[in-house]
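One letter stands for each residue in the lines below.
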Amino acid sequence: MAVTQNRITNTTATDPLAERSVEPAKRRRGGATGTRFTFVLGAATIASMALLVLFGLFLSPADITQGESVRILYIHVGTVWVAYVAFGVTAIASALFLWKRTTSLTWDRIAGASAEVGVLFMALTLFAGSIWGRLSWGQFWVWDARVTTTAFLFITYVGYLAVRGLGGSHQQRGRRSAVVALLAVLEIPLVHFSVKLWRGLHQEASVAGTTKVQLENLMLFSLFLALIAFTLLYVWLVMHRQRVLAMQDALDDKGLDYALAARRAESSTAATTSATTTAATGGTV
Amino acid sequence: MEDIGFILSTYIATFVGSVALAWYYLRRGKRLAEQLPPEDMPWI
Amino acid sequence: MFRVARYIAAKDLRIELRSRVVVNQVLPFAAIVMVMFAFALNTDAIVSRVAPGLIWLATMFSLLILVQRSFAIESADGATDALKAAGVDPAGIFLGKAFALAVQLLVLEILLLMPAIVLYRARVQWDSVVLLVTTFLAATCGLALVGTLYGGLAAGVRGRETLLPLLLLPVVAPVLIGATRATEAAFHTGGAVVADGWSWLGLLAVFAALFGVGGTLAFGPLIED
Numbered sequence: 001m002a003v004t005q006n007r008i009t010n011t012t013a014t015d016p017l018a019e020r021s022v023e024p025a026k027r028r029r030g031g032a033t034g035t036r037f038t039f040v041l042g043a044a045t046i047a048s049m050a051l052l053v054l055f056g057l058f059l060s061p062a063d064i065t066q067g068e069s070v071r072i073l074y075i076h077v078g079t080v081w082v083a084y085v086a087f088g089v090t091a092i093a094s095a096l097f098l099w100k101r102t103t104s105l106t107w108d109r110i111a112g113a114s115a116e117v118g119v120l121f122m123a124l125t126l127f128a129g130s131i132w133g134r135l136s137w138g139q140f141w142v143w144d145a146r147v148t149t150t151a152f153l154f155i156t157y158v159g160y161l162a163v164r165g166l167g168g169s170h171q172q173r174g175r176r177s178a179v180v181a182l183l184a185v186l187e188i189p190l191v192h193f194s195v196k197l198w199r200g201l202h203q204e205a206s207v208a209g210t211t212k213v214q215l216e217n218l219m220l221f222s223l224f225l226a227l228i229a230f231t232l233l234y235v236w237l238v239m240h241r242q243r244v245l246a247m248q249d250a251l252d253d254k255g256l257d258y259a260l261a262a263r264r265a266e267s268s269t270a271a272t273t274s275a276t277t278t279a280a281t282g283g284t285v
Numbered sequence: 001m002e003d004i005g006f007i008l009s010t011y012i013a014t015f016v017g018s019v020a021l022a023w024y025y026l027r028r029g030k031r032l033a034e035q036l037p038p039e040d041m042p043w044i
Numbered sequence: 001m002f003r004v005a006r007y008i009a010a011k012d013l014r015i016e017l018r019s020r021v022v023v024n025q026v027l028p029f030a031a032i033v034m035v036m037f038a039f040a041l042n043t044d045a046i047v048s049r050v051a052p053g054l055i056w057l058a059t060m061f062s063l064l065i066l067v068q069r070s071f072a073i074e075s076a077d078g079a080t081d082a083l084k085a086a087g088v089d090p091a092g093i094f095l096g097k098a099f100a101l102a103v104q105l106l107v108l109e110i111l112l113l114m115p116a117i118v119l120y121r122a123r124v125q126w127d128s129v130v131l132l133v134t135t136f137l138a139a140t141c142g143l144a145l146v147g148t149l150y151g152g153l154a155a156g157v158r159g160r161e162t163l164l165p166l167l168l169l170p171v172v173a174p175v176l177i178g179a180t181r182a183t184e185a186a187f188h189t190g191g192a193v194v195a196d197g198w199s200w201l202g203l204l205a206v207f208a209a210l211f212g213v214g215g216t217l218a219f220g221p222l223i224e225d
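Protein chains in written order, with my numbering: chain Y, 1 to 285; chain E, 1 to 44; chain U, 1 to 225.
For the record, the hints were derived by calculation from the structure and aren't laboratory data. Yeah, the Cβ is synthetic: ideal placement off N, Cα and C, and Gly gets one too. One or more of the hints may lead you astray.
Unchecked claim - Simulated restraints on C-beta separations:
1. Y:G255 <-> U:P115: 55 to 61 angstroms
2. E:G5 <-> U:P115: 47 to 53 angstroms
3. E:F15 <-> Y:S274: 45 to 51 angstroms
4. U:P115 <-> E:R31: 54 to 60 angstroms
5. E:F15 <-> Y:K100: 38 to 44 angstroms
6. U:L111 <-> E:R27: 52 to 58 angstroms
7. Y:K100 <-> U:R3: 26 to 32 angstroms
8. U:V129 <-> Y:T103: 49 to 55 angstroms
9. U:N42 <-> E:R27: 48 to 54 angstroms
10. E:P38 <-> U:R6: 56 to 62 angstroms
11. Y:W137 <-> E:P38: 50 to 56 angstroms
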């Protein structure tokens, strides 16, 4: 392997790219981020989702008090579960990134991927929740502690994603967003408690209708099915997103080098072809 | 089933949202992979 | 750490004293906001009823401007680089800037109270002055600490300042809720009793304590490059 002086970074290193042009990953069945594991995971997700639709919409009975609107709860509980898991993972991954003993950009990417998926599911939670509220309480929105904290959490993590997009080095991005994530976790009980106190003292949000759900066997099964299906979906999405982020970071770091290597490879093949043509035509061009 | 419109809309929104995000992730992955060598993708 | 804080706070306040940005620009802004609330809400009765909320809303919006100002003075003339080169303790910077911000906020709030009493016909009761003063102090501390923390995050580099409202306003929601309820108790609006106000004060104190500690710890990693 020729030892070349890399003119851009001014380091002397063996440059494996000098000898061959960059070969992109060959066409693979799993696409770019897929592996055997994610393929199996994806299949399981689709299967459990199909079962959920079957049980949720058709096979499970309507509730005694709530009627058909209980079917929304299968989706709603599934998405809110994933949303909270996602933000928990973001917080833990952020802490692991900041802690010197385990620091690695992989944790930062997992935090970011998890937050993205979490934001989607939080939005779906609020949507399904407001539809359910419309059917059960007659109102799309109510200012109680849980609902308000959920909306607050949604906005906070939208802000977190905005902070991730601020630019700068990967380390800076990681540090900034990790701090924001941990502060957000600190903030959640404060918001929850203050809204609870607010509504408790003034009794203004009297919720018309009942929130109690009588869960009989088939409904309980559908609920567990929802939890499983959405958890599988969450893991699948985060794995793929984390890999995409890893590729994006690698491209940020080495993209210029790869492009330059490709240029060099092109020019060297062009030089050899022109040399052969010169030789073939016997003399100067 | 009454209120079927409301109920279906939640299922459809969830389905559409998840599939759209998954599609976006897979497409982005493919695009990026076209520019990177295999050693930058340690999961393969 | 506290010596650094004292120097930084003195510096910030001296800059403010010489440039008078708060008095000349932010205070009129806050006053205009309060007038516009009255335009939007129309009825006298409603405006009087929500006066405490309006005072704190105007304060929150002014906080955004004050925070940006607090960090804008750092980026002028390469001051941030000088601070970093001097190896100053970031926790000290945090506490110093937060203190200066708190002083400016307090001045603003006191000056806002007077138009509020006039425009909104709020009635300050003498028996609840203690509650009122403590509320303003506790809320201001919390706001200053949180503002300095997120201000450090969003400072300077283009594209970052616009992020400050999105990050800061959700975070100060508990202060808005707590301070407004406590002030309502102090003004006796809507039948609120002074006794109610003290539980809200607890919330404000917890908020200030949490972000005091959290901010001191987090400010270092945030501003280092």
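Right, here's what the structure says about each hint:
1. For G255 (chain Y) and P115 (chain U), the Cβ-Cβ distance of about 57 angstroms falls inside the hinted range of 55 to 61 angstroms, so the restraint holds.
2. The given range of 47 to 53 angstroms is respected by G5 (chain E) and P115 (chain U), whose C-beta atoms sit roughly 51 angstroms from each other.
3. The hinted window of 45 to 51 angstroms between F15 (chain E) and S274 (chain Y) is violated, with their beta carbons roughly 57 angstroms apart.
4. The hinted window of 54 to 60 angstroms between P115 (chain U) and R31 (chain E) holds, with their beta carbons roughly 57 angstroms apart.
5. The hinted range of 38 to 44 angstroms is satisfied by F15 (chain E) and K100 (chain Y), whose Cβ atoms lie roughly 43 angstroms apart.
6. Between L111 (chain U) and R27 (chain E), the C-beta spacing of about 55 angstroms keeps the proposed range 52 to 58 angstroms intact.
7. The given range of 26 to 32 angstroms is respected by K100 (chain Y) and R3 (chain U), whose C-beta atoms sit roughly 28 angstroms from each other.
8. Distance hint for V129 (chain U) and T103 (chain Y): a CB-CB separation of about 51 angstroms, consistent with the stated range 49 to 55 angstroms.
9. Between N42 (chain U) and R27 (chain E) the beta carbon distance is about 51 angstroms. The supplied range of 48 to 54 angstroms therefore holds.
10. Distance hint check: the CB atoms of P38 (chain E) and R6 (chain U) are about 57 angstroms apart, consistent with the given range 56 to 62 angstroms.
11. At about 55 angstroms, the beta-carbon gap between W137 (chain Y) and P38 (chain E) stays in the expected band of 50 to 56 angstroms.
The earlier numbered hint that this structure contradicts is number 3, and it is the only one.
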